[in-house]
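> Single-letter residue listing:
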Amino acid sequence: MTRTLVTGNGAAAWGARLAEADYVPAFPITPQTEIIEQIGAWIDEGAMAARMVTLESEHSMITAAGAAAATGVRVFTATSSQGLLHGMEMVYGVSGWRAPFVLVNVSRGLAAPITLEPDHNDVFAARDSGFLQLHCATCQEVVDAVLIGYRLAEDERVRLPVIVNLDGFYLSFTREPVELPAADAVRSFLPPFDPAGLGIRASQPTSQAVAVLGGTPYSYFRYQAHLAQLQALDVHAEVTAEFEQRFGRAYPALEAYRTEDAEIVFFMTGSFATKAKDAVDRLRAAGERVGLVRPRLLRPFPAARLRAVLAGVRGVAVVDQNLSLGKGGVLHAELASVLYGVPDAPAVLVSFIGGLGGRDIGAEEFYEMAAVTRRAADEGRTPEPRLLYTARELREVRKLQGIARAEHDELANEGEEARR
Amino acid sequence: MKTASRILGTAFFEAGFEVQDAPRFGAERRGAPMFAYVRADRAPIHERGVIRDPDLVVVADDTLVPVAAAGVLVGVGERTVLLLHSAEGPELWRERLAVAGPVLTLPPAGEALDFVGAASAGAAARFVGVIPREGLERAIREELAEMPLALVERNVEQGLASFDAMAPHAGIVCEGRAADAADRTPPDWVELPFEAARVSAPAIHAGATSVEVRTGLWRTMRPVIDYEHCNRCSWVCSTLCPDSAIRVEADRTPRIDLEHCKGCMICAAVCPPHAIGAIPEREAAAQERGEAAPEGASR
Numbered sequence: 001m002t003r004t005l006v007t008g009n010g011a012a013a014w015g016a017r018l019a020e021a022d023y024v025p026a027f028p029i030t031p032q033t034e035i036i037e038q039i040g041a042w043i044d045e046g047a048m049a050a051r052m053v054t055l056e057s058e059h060s061m062i063t064a065a066g067a068a069a070a071t072g073v074r075v076f077t078a079t080s081s082q083g084l085l086h087g088m089e090m091v092y093g094v095s096g097w098r099a100p101f102v103l104v105n106v107s108r109g110l111a112a113p114i115t116l117e118p119d120h121n122d123v124f125a126a127r128d129s130g131f132l133q134l135h136c137a138t139c140q141e142v143v144d145a146v147l148i149g150y151r152l153a154e155d156e157r158v159r160l161p162v163i164v165n166l167d168g169f170y171l172s173f174t175r176e177p178v179e180l181p182a183a184d185a186v187r188s189f190l191p192p193f194d195p196a197g198l199g200i201r202a203s204q205p206t207s208q209a210v211a212v213l214g215g216t217p218y219s220y221f222r223y224q225a226h227l228a229q230l231q232a233l234d235v236h237a238e239v240t241a242e243f244e245q246r247f248g249r250a251y252p253a254l255e256a257y258r259t260e261d262a263e264i265v266f267f268m269t270g271s272f273a274t275k276a277k278d279a280v281d282r283l284r285a286a287g288e289r290v291g292l293v294r295p296r297l298l299r300p301f302p303a304a305r306l307r308a309v310l311a312g313v314r315g316v317a318v319v320d321q322n323l324s325l326g327k328g329g330v331l332h333a334e335l336a337s338v339l340y341g342v343p344d345a346p347a348v349l350v351s352f353i354g355g356l357g358g359r360d361i362g363a364e365e366f367y368e369m370a371a372v373t374r375r376a377a378d379e380g381r382t383p384e385p386r387l388l389y390t391a392r393e394l395r396e397v398r399k400l401q402g403i404a405r406a407e408h409d410e411l412a413n414e415g416e417e418a419r420r
Numbered sequence: 001m002k003t004a005s006r007i008l009g010t011a012f013f014e015a016g017f018e019v020q021d022a023p024r025f026g027a028e029r030r031g032a033p034m035f036a037y038v039r040a041d042r043a044p045i046h047e048r049g050v051i052r053d054p055d056l057v058v059v060a061d062d063t064l065v066p067v068a069a070a071g072v073l074v075g076v077g078e079r080t081v082l083l084l085h086s087a088e089g090p091e092l093w094r095e096r097l098a099v100a101g102p103v104l105t106l107p108p109a110g111e112a113l114d115f116v117g118a119a120s121a122g123a124a125a126r127f128v129g130v131i132p133r134e135g136l137e138r139a140i141r142e143e144l145a146e147m148p149l150a151l152v153e154r155n156v157e158q159g160l161a162s163f164d165a166m167a168p169h170a171g172i173v174c175e176g177r178a179a180d181a182a183d184r185t186p187p188d189w190v191e192l193p194f195e196a197a198r199v200s201a202p203a204i205h206a207g208a209t210s211v212e213v214r215t216g217l218w219r220t221m222r223p224v225i226d227y228e229h230c231n232r233c234s235w236v237c238s239t240l241c242p243d244s245a246i247r248v249e250a251d252r253t254p255r256i257d258l259e260h261c262k263g264c265m266i267c268a269a270v271c272p273p274h275a276i277g278a279i280p281e282r283e284a285a286a287q288e289r290g291e292a293a294p295e296g297a298s299r
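Top line first, the protein sequences correspond to chains V and B. Its first residue numbered 1, the first sequence is counted upward by one per residue in the numbering used here. Its first residue numbered 1, the second sequence is counted upward by one per residue in the numbering used here.
Just chain V, with the same shape it has in the complex (with noise of 0.2 Å):
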């Protein structure tokens, strides 16, 4: 094994490469097209022996990723932002299908306006999809989910697509070291896809296009996909656990960082994770008892462990880079549905709301939000949700905003003059 310098992006192509996947429909996109272009490089030097097909879209590139999966082929694809949003349906589709394969989404956040850099609502809109999510905070991380990801999604027990998430910009172009696992290595891990029972003949052929009504067979087939979700927690700690033995690195579905004996927590998914990890070792170096926790595994959630976790901590400051517009963020209520009612469960959730597209998070935001949250679980009190959002900040957007009036007036004068 060798650690060299490679992006995100690099490292979900070679998760794919290490993979062996055998077929890639692609379509590009911001920021994640750098992944096909490298394993298309790959291809065609001979690197890789996959076929990549370029589809028309993320509709139909879904649709051909489920379909070769279901007849037992190892498919590997990515996606972004509108990307993923204009595939939606059949990303519904084909975890209905029961199809196993891996998608990386590089996060982006939605228009409109529209924005290259990241946020989570992209992934979180296709939260509820039957696909389990796998969320990255380092280059390293994401090379090790794709193989974590296709054990889950091709176990029996599983046996639906998966989601490997990584932040564009913050994770997709940016070098850090990065441990690649051997090729050999990583086959006796991963071995060639056993599709067992999946599969098709010309002369046997099967359609995954199931109509039902009256909601009898529906329900059943909707809540045993759900089954399968929660199967695949069990799965997960098999499955990582036997990678932690073999290349030694230990990913559990949820990073806890300092926590044993921490009172105020950090809660928050992606690369600004590892933001809040020097925040926690900084408020740690000043006295205070801060730790985060982490979920890898977004879908299944894994709602016993946060509760193992978080017995006993006073507060969690929820970090959400992301947006359900007329609620607020989407972790605080999926964190809060799982720890009502608990015995020992911290007593204040507070919401804050910063990332959005791109935002960055400075330190001192970190400790800010540490310090808000101990106030509420002294004062028993959880304040209002809070936007990341400075008095500089909304100096720019009045800036913004006047050049916008200045022009309106402008075309309304004119406007004016022309129709005299």
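In short, the hints are calculated from the structure, not lab data. Nothing here was measured: the structure is a model prediction, and the numbers come from that model. Possibly wrong hints are sitting among the right ones.
[To be verified] Per the computed footprint, the stretches of chain B lying under chain V, defined by three or more beta-carbons under 8 Å from a beta-carbon of chain V, are:
#	segment
1	6-16
2	40-50
3	181-189
4	198-207
Even for Gly, the Cβ is constructed at its ideal location relative to N, Cα and C.
Chain B: place on chain V using the hints.
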């Protein structure tokens, strides 16, 4: 500068450091201003994103300094070392920018624009004082491995030349120390007030606003049409220009809109009779002002 960041990142990594390097592009394509950053530490790096308080800022194109959107001086503090590729000297820049930290210059990239990445990385490697000359050379060779060998050699030459030229400033950039949690001032968060949609919807009240963005300012190379050889095909350069910055007149003569041409040189590459040449923007601008070509200019 992406190349510069990768060379520097690789050189640090090889010297035993933990590294993070990344380019940052906007939505614009070729020719748009961009930047890249490198973090290096003895311990694993948990910080992410754009560096808020850089120890060193390297500017490849000094014409970007006054472009607000390029944000060249964002985060420059009293201990930040500023290095510019510029024809003007460090004293002038120090006075002009009123920065407290050291200001240094390297000759402008000019004709050597293709090597500005290696030259920048070479200087930076010397400034940090922990990267050996051979390490820099290996990093340049590794990062440019896919280039033709002759180009790699020129890059190595340029990188090592600026490494050597900056010898008097070895170690000028030293390790920063992250502030303690107790030392930081709290953020000045505000409540975002409700505003009706007629104010808060993301609308632009004007047409053709992209015309207002003078992307021609980003140009470092200027395409010049030799009308004697232009065969008035009427479509190749104008159609393939990614910025629609070439219009064709009624008599089939192409005209380049220099306010918006970013200097990507696609037109020069595709012109069938090879009638579009390229000259460095600095030279072209000097000629326009009626000045003699700057020293070292190619023609």
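> All the hints need checking, so say for each whether the structure fits it.
Hint check results:
1. By the rule of at least three residues with a Cβ nearer than 8 Å to a Cβ of chain V, the coverage given for the segment 6-16 of chain B holds, with 4 such residues.
2. Residues of the segment 40-50 of chain B with a Cβ under 8 Å from some Cβ of chain V number 6, which satisfies the need for three, so the listed coverage holds.
3. Against chain V, the segment 181-189 of chain B contributes 8 residues with a C-beta closer than 8 Å to a partner C-beta. That satisfies the three-residue criterion, and the hint holds.
4. Closer than 8 Å: that is the beta-carbon criterion, and the segment 198-207 of chain B has 6 residues meeting it against chain V, so the requirement of 3 holds.
No hint from the list above goes unmet by this structure.
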